[in-house]
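*Asks:* Residue numbers (the UniProt record's numbering), protein chains in the order written: chain U, 1 to 438; chain Y, 1 to 250.
Be aware that one or more of the hints could be misleading.
Said to hold, decoys possible - Under the rule of at most 20 Å between Cα atoms (straight-line distance), these lysine to any residue pairs were calculated in the SDA-like manner:
no., chain 1, residue 1, chain 2, residue 2
1, U, Lys6, U, Ser17
2, U, Lys394, Y, Lys226
3, U, Lys394, Y, Arg107
Think of the hints as simulated: they come from the structure by calculation, not from any bench.
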Amino acid sequence: MDLKEKLVSSFLAFENSVDVDHPVHDIRSEAIKNFETKGFPSKKEEAWKYTSLNTLQKIDFSIFPKKESMLEYRDVKKYFLHEIDTFKIVFVDGVYSSFLSETTHDGVDVCLMSSALNKPMYKQIIDVYFNKIASKVDSMTSLNTAFSREGAYIYIPKNKIPKKPIEIVHFSTGNEAALLLQPRNLIIAEENAEMQIIERHQSLTANEVFTNSVTEIFAAKNANVDYYKVQNDLTTASLIDNTYIDQKDGSVVKVHTFSFGGKLTRNNLNFYQNGERIDSTMKGVTIIEEKQHVDHHTLVHHIQPNCESHQDYKGIYGENATGVFNGKIIVDKIAQKTNAFQQNNNILVSDKATINTKPQLEIFADDVKCSHGCTIGQLDEEALFYLQSRGIPKKEARALLMYAFANNVLESVRIPELKVRINKLIANKLGVRLGFDL
Amino acid sequence: MLKINNLHARVEDKEILKGINLTVNAGEVHAIMGPNGSGKSTLAAVIAGKEEFEVTEGEVFLEGENLEDTSPEDRAHKGVFLSFQYPVEIPGVSVTNFMKTAINESRKAKGLEDMPAKDMLKLIREKSELLEIDRKFLSRSLNEGFSGGEKKRNEIFQMAMLEPKLAILDETDSGLDIDALRIVANGVNKLKSKDNAVIVITHYQRLLEYIVPDFVHVLHNGKIVKSGNKDLALELEEKGYDWLKQETVI
């Protein structure tokens, strides 16, 4: 039985474990139909031309974990931003871990999707927001919607700011030979609300993991959301991240994606500007090697006038690594005075590494500023000689240059401890000790 | 200190240095002058070990040691310093952190521990005062957004920090106004001692009014065609290089 058939037939078993009378279940039923019709995306589709899911489909993934796994905090502490206090929503093999988590209902809700789906007090919010911005057409999103049951639920009311950043962490323990995870997150920032979120998926053993995640973010008028995705997983872990962001007047949403490892990583990041004076920012640093693959597909849909979008993605590809950047910008006819910027710069460290980069602009308004640029190059030999001539060995000199190349993406990280952490991850990735913390 | 014998070097198929002979003793200042394209910067880069250039014949000795197959970083550890004509920008790495890395890598190569932070700060303070460098400047990203003058001053600051045996200043005077030139020259003069040597590469005589050379060499078409004392620089300023070109033809 192939993975698609297995998933479709598992839906019946899944229905036994959820409330089928809940309105959300109609949404799930529609979604499984869409997935059944479309199946997994293939390389024949333009959007999946450079990213193949074929090998993943050959693996016999468990769809529901059989055993409950326990983790000790001290064993996984290093994956948290433990230098500072944070709220934590933690899942182990897809199951919520109350032991590792720190949730709250004190003025703000930082808790679970399962609670939001089951408790009557959240019903109204679920009716208004659930699956409202996520795609009903995309088959991977539909697959997630069909099996949506657990994930993070964050609701920040008007004018509120949570006391500390929120970490959403998914661990997989390897208790299953191969595990499919489908977390579903719903994040709502009401008017003037603010929050900072760090999301991480971490496999703890070399057993195969395939995560197909969907996150919906709603930023109301003047809300401010900072979202950091830290992707530094093992080479047996694959991730398809589908993130959909709905922004209203004056809201600011920034998403930073740090892709430092994984077997296959696909980031589908979609911004919809449903208001004016909106700022949408997407930044990314990708540093991969071996046979790893990272694909960034971004979309910004400028629907209303007077908005901005900024994209800045840097990639460093070594050995046999492959990368994709596809940045789509749509400017509707009424979206005058749009400012849309897009930049994608890449360094290929090895002859065998490849990157496919493509801007995709669809502009229907006439009074807009749009700029895009992409570069693919090697390290600057003159710069390398400069550093070596100061006594810095070649390996360290290369690392410094790569760090300098990625640097401006890090400047906008607003949690200082996270910035330090990312710098250390980069130094580790580059295999150097530079005598100071980058 | 430095001895160059019959040095030939090329980049790809183009021969640039065609038999250079030069001896520089400790305590001396040598100026190398010459028209554009004569091979001045190539000579500097070859001494510093730039791999792009292939040495086809001849040798470079530093304190009696043949530098053949020695990497640029190892040459730096042995005491060679090159002040670049076009210093490279390194965003996100401050001048201070860059110097810490450079100094500690050099110490590591000599089997020494990292320099204690307190000593490092003291050294940075002392040397930045010498070059009249503002403290704020040191926390800026290396060379990023620096003016031409700031870049050159920063080069000499690095030289002061690294205390090389042999310093090669490649067109350090280009892009400097007279005040910056004076500060840079003053820094170089203060760093000069009987134990080190300086090679000043320049197109113009102007810098040599401040850093007075013991010897002046004229490079033309990959060879040293004339050597003399500091008066040769004045003569060149007056007459240009054409008369030398004619002399070589004869």
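*Asks:* Give a verdict on every hint.
*Replies:* A quick look at each hint next to the structure:
no.	hint	result
1	U:Lys6 <-> U:Ser17	17 Å, holds
2	U:Lys394 <-> Y:Lys226	37 Å, violated
3	U:Lys394 <-> Y:Arg107	16 Å, holds
Hint check: a violation occurs at hint 2 only; the rest are consistent with the structure.
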